[in-house]
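Number of protein chains: 2
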Amino acid sequence: MDIVERRRCFRGTQLVIRHAAARVGCTMHVAVFLPPQAETSACPVLYWLSGLTCTEQNFITKAGAQRYAAEHGVILVAPDTSPRGADVADAEGYDIGLGAGFYVNATEAPWAAHYQMAAYVERELPAFIDANFRTTGRQSILGHSMGGHGALTIALRNPRAYASVSAFSPIVAPTQVPWGRKVFAAYLGPDESTWQAYDACALVANAEAHVPMRIDQGTADEFLHTQLRPELLQAACQRVGYPLDLRMQEGYDHSYYFIASFIGEHIAFHAEALRL
Amino acid sequence: MDIVERRRCFRGTQLVIRHAAARVGCTMHVAVFLPPQAETSACPVLYWLSGLTCTEQNFITKAGAQRYAAEHGVILVAPDTSPRGADVADAEGYDIGLGAGFYVNATEAPWAAHYQMAAYVERELPAFIDANFRTTGRQSILGHSMGGHGALTIALRNPRAYASVSAFSPIVAPTQVPWGRKVFAAYLGPDESTWQAYDACALVANAEAHVPMRIDQGTADEFLHTQLRPELLQAACQRVGYPLDLRMQEGYDHSYYFIASFIGEHIAFHAEALRL
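Residue numbers (this note's numbering), protein chains in the order written: chain A, 1 to 276; chain B, 1 to 276.
Rather than coming from a laboratory, the hints here were simulated on the basis of the structure.
Backbone N, C-alpha and C define an ideal beta-carbon position, used for all residues, glycine too.
One or more hints might be untrue.
Stretches of chain B that chain A covers, calculated by requiring three or more beta carbons in the stretch to come under 8 Å of a beta carbon on chain A [stated by the list, open to error]:
(1) 58-65
(2) 198-209
(3) 255-263
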């Protein structure tokens, strides 16, 4: 583990680290915020997954989350959004390839070689964090847009591994919207039955256990009706009685101004679940 | 006035506006955060001046200040750091020309034509803000690094115009450090007596009135001993009995992680002075 950045922040420490990640076959950058409590005791971990075009930097510079993590004694971990490197496949467009891993395990060439972000976030990253920092073993997950999709699908596939899940402006039905259909066809191939493991709406229909779930969605979000469509997840949850706290936030858009406005409430929500 | 950006944020509104600024002879971008209280009542104004290389964007995306402005009912105004445009002089180096206005009124060619940032921030900008938004007429000022120098010198030259002043990692003695000496020689010419009006240490020596003044400085700041040297202002204040609350913050560097960690305390400090 290399430390790329180390900065004092809210009496804790904001790190950016770099580690060799076997599953994605490249060096991954990860932001780790250690709250002041981490100096003397083990802390639970909250994983943040970012959206399209982001790196590990966006969340730590723009969300203002460290204040709340320091308040609640939670370690924040924010990985990059795709594998990176000269030998990693890419394609034209901000919504596929680098910066657009979509938190799936790709099966198709040329993507399968490195685009294994589901396995990385579910298994390799938590093992790495637990091995290198003093954690309680309790974890939760949240994210934004593509990262909200990642958080929801990862928690839904592993309901006993996460104390809670939340999302800002998530893509809840990737198999039904342009962003998801484009990359799933590329990463997973034409057989749509393989896509269902990465679709929150499909996953709630077969959920074995309920993870406390909150979603905040701005009503002025430019992607609301085309790519996000939270009403599809609401309907899927209602059909099976899956509890969902969906909050439509009047006038907010898709940006970090929205995330910053509500990240404190999300961290408090997770901190409560992580204490149980 | 053109509105370039409008975003909901902490139940208030983050604007970026563009206006024709006569004194600097160009179109200036200014960020204005209106707290929720501004919808129903007049609010006081807190001016933020940014550091070298910044635009009006850095503070509004990275400091997390809107939360506290919304809490205290304060309008935040953050202008760009220099005149901009195809006909505005520039030179090699991040520390002179565009992004480096240094909050002075330049007298030398080619700078004098547009680099009138002292007059802009002191006179034209407040007049513009008071004409376009419902303000109480009370104002305070703060800033970072070059902007900390700007805030201190503007408040010291106009002690009755500002309820309070504060700074993060300010350049307190520009006439004695490399950053200041380089640009003052270019913008103001070789006669160093003209530089004194823009040097906080020189200004406190002749202060007619005391403005409540707070400075936070990180001990791990990479510019602390070369460009910032807060001990020079501390000594200047002690010589004349000017009250200064200088706080050395252990382990913090020069970045927005430092600003974010203490901006809440600064806004509370100003809000109290603005209520009087």
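Checked hints:
{"no.": "1", "hint": "58-65", "in the structure": "holds (count 3)"}
{"no.": "2", "hint": "198-209", "in the structure": "violated (count 0)"}
{"no.": "3", "hint": "255-263", "in the structure": "holds (count 6)"}
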